[in-house]
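With the hints as your guide, set chain B onto chain A.
Chain by chain, the residues:
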Amino acid sequence: MLRNKEIKIYIAIMTLVLITGTWVSYHIDPLAGLITFLSLLCIIIISLIFTNWRYKKIAQLSQYLKRISAGDYTLDVRDNDEGELSILKSEIYKVTVMLSEQANILKKDKLFLADSISDISHQLKTPITSMFVMNDLLQDENLPQDKRIEFTKNISSQLERLQWLVSSLLKLSKIDAGTIEFKKENVNVRKLIDRAVEHLLIPMELKNQTLEVTGNENDSFIGDMNWSSEAITNIVKNCIEHTPDGGKISISHSETSIYTMIEIWDNGAGIHKEDLPYIFNRFYKGKNAHNDSIGIGLAMAKSIIEKQNGIIEVSSKLGQGTKFTIKFYKSVV
Amino acid sequence: MSTIEILRVENLSKIYGKGETAVKALDDVSFTVTKGEFIAVVGPSGSGKSTLLHILGGVDRPTSGRVIIEGTDIYKLDETKLAIFRRRQIGLIYQFYNLIPVLNVKENMTLPLLLDGRTPDEAELTKIVNTLGLSDRLDYLPNQLSGGQQQRVSIGRALISNPAIMLADEPTGNLDSKNSSEIIELLKVFNKKLKQTLIIITHDERIALQADRVMTMKDGRIITDEVIRS
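So the protein sequences, as listed, match chains A and B. Using my numbering, count along the first sequence one by one with no gaps and you end on 333. Using my numbering, count along the second sequence one by one with no gaps and you end on 230.
Since the hints were made in silico from the structure, they are not lab data. Each hint can be trusted.
The calculated lysine-lysine pairs, modelled on BS3-like cross-linking and capped at a C-alpha distance of 25 Å, are:
1. K171/A x K192/B
2. K192/B x K307/A
3. K307/A x K193/B
4. K183/A x K192/B
5. K192/B x K110/A
6. K192/B x K273/A
7. K107/A x K193/B
8. K106/B x K127/B
9. K178/B x K193/B
10. K174/A x K192/B
On the chain B side, residues computed to face chain A include the following (Cβ under 7 Å):
11. K35
12. K81
13. I84
14. F85
15. R88
16. N130
17. T131
18. E182
19. E185
20. V189
21. K192
22. R229
Quick list of simulated restraints, FRET-style, between CB atoms:
23. E205/B x L113/A: 34 to 44 Å
24. F96/B x L113/A: 46 to 56 Å
25. D73/B x N188/A: 53 to 63 Å
26. I100/B x M1/A: 36 to 46 Å
27. S177/B x N188/A: 22 to 32 Å
28. K191/A x E205/B: 28 to 38 Å
29. I100/B x L99/A: 29 to 39 Å
30. N188/A x Y16/B: 50 to 60 Å
Backbone N, C-alpha and C define an ideal beta-carbon position, used for all residues, glycine too.
Bound-form chain A, shown alone (with noise of 0.2 Å):
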């Protein structure tokens, strides 16, 4: 305590005020001078085992602070009781508590990471494999020209497929990196919604499907342009795939004061209920999954929506569709 440059002010002070006062006092009468000496002194005394007390307090404080960051999160030092430091101490709980949850999502984030590398070796690896055979194939000589062709086709289609799933990783894991900036500019949601779906009208036509969209043309967010549209092309094109020829797409959107909503559903086969709260996963595959899906377009459209102060839901019923609500929140929390 005594090494604090506060207290030796403090006792300094004090000692001053205990001379002075006993010299004065002393003056007047010599007994009132011993009164007052004593009387400060204990005043003195009280007030340094107090102190002494809050430094200690202070001192048991940082001992904790110390087996935190130790990696011992389970210690409580709340006491509840009223005044700044019971305060301090509820604070550094709180502070605690936090941390050791980081903690945890890290410890999660490290095992994903190893679980993810499997999966995108394996969805590299199958690619590979194919056009190692075919390449085998193609080297004999004495191949017809219409398998060589059909071959090479196969080739490219295969290569087409690695191209996409490599750039599609990168952006998903830049966009967990968190190294992908967002744009906030102000979004117009039919807009946006146009934008999304201009390559998706081909095949939809091509499966006879229809698409519906309602909401008031000024509906806006604020958000990425760009992004948002690749999020919301992501959905629609999982409603087309799993929604049977002349089925129809829906989407509607609406704003409140606290959110813009988009919503599209379609009239599919739906989502078997083990599989919705997985179906954001990064390589989940749920029942209905075609047997090339990678499962890889609804995780990144959870990502940018996440990464724009957003959210997105599904609910679904089996043999009636899917529905999908996505919610832009207009204030950062």
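Same frame as chain A, but now just chain B:
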């Protein structure tokens, strides 16, 4: 989802009255809640929902059983300590807002901090106020606000001390459907963005379906406990 246990309820029972007229409001209820969960408790009136919430919130003592919030067995604390614990770790939202009529919006919202003798952090307050859409209402008294606005103030009050857990008893029971969905949205924003653990009691199935986990109560027992999204 995180794995940190925020709340653990062990064999909670609450009996009102004695002997012949005794009523079992809660009958051996046990469950745990991890950080960031959004739970809806549903069930018919008289099923024990509100009793459960009051006991979780430290406002009504159980007949037997334990409530452990962030490692503290709250009913082992004496009244004074429990009151302080509540102020710092529990955010309560009531159906009828329970705002103090003579205090303005800002004072009502920062009350838990003021009671603790603390000065509210302006930056944090501004963020919460903006999200709640109350920035131009800070000097209003509760009776100058609509029901929805009053409930938003009480959400702010529940949130200001950054509690371990937020409990809401029929928060939309007194509101029209537009205001109801606004309140639920706000609760969801705080749940998702701040990882605020949230337990809400409701009659409204549409509200319950917004939660991550739905518990159904009947005759003082939890009869179903279902995670509907993660």
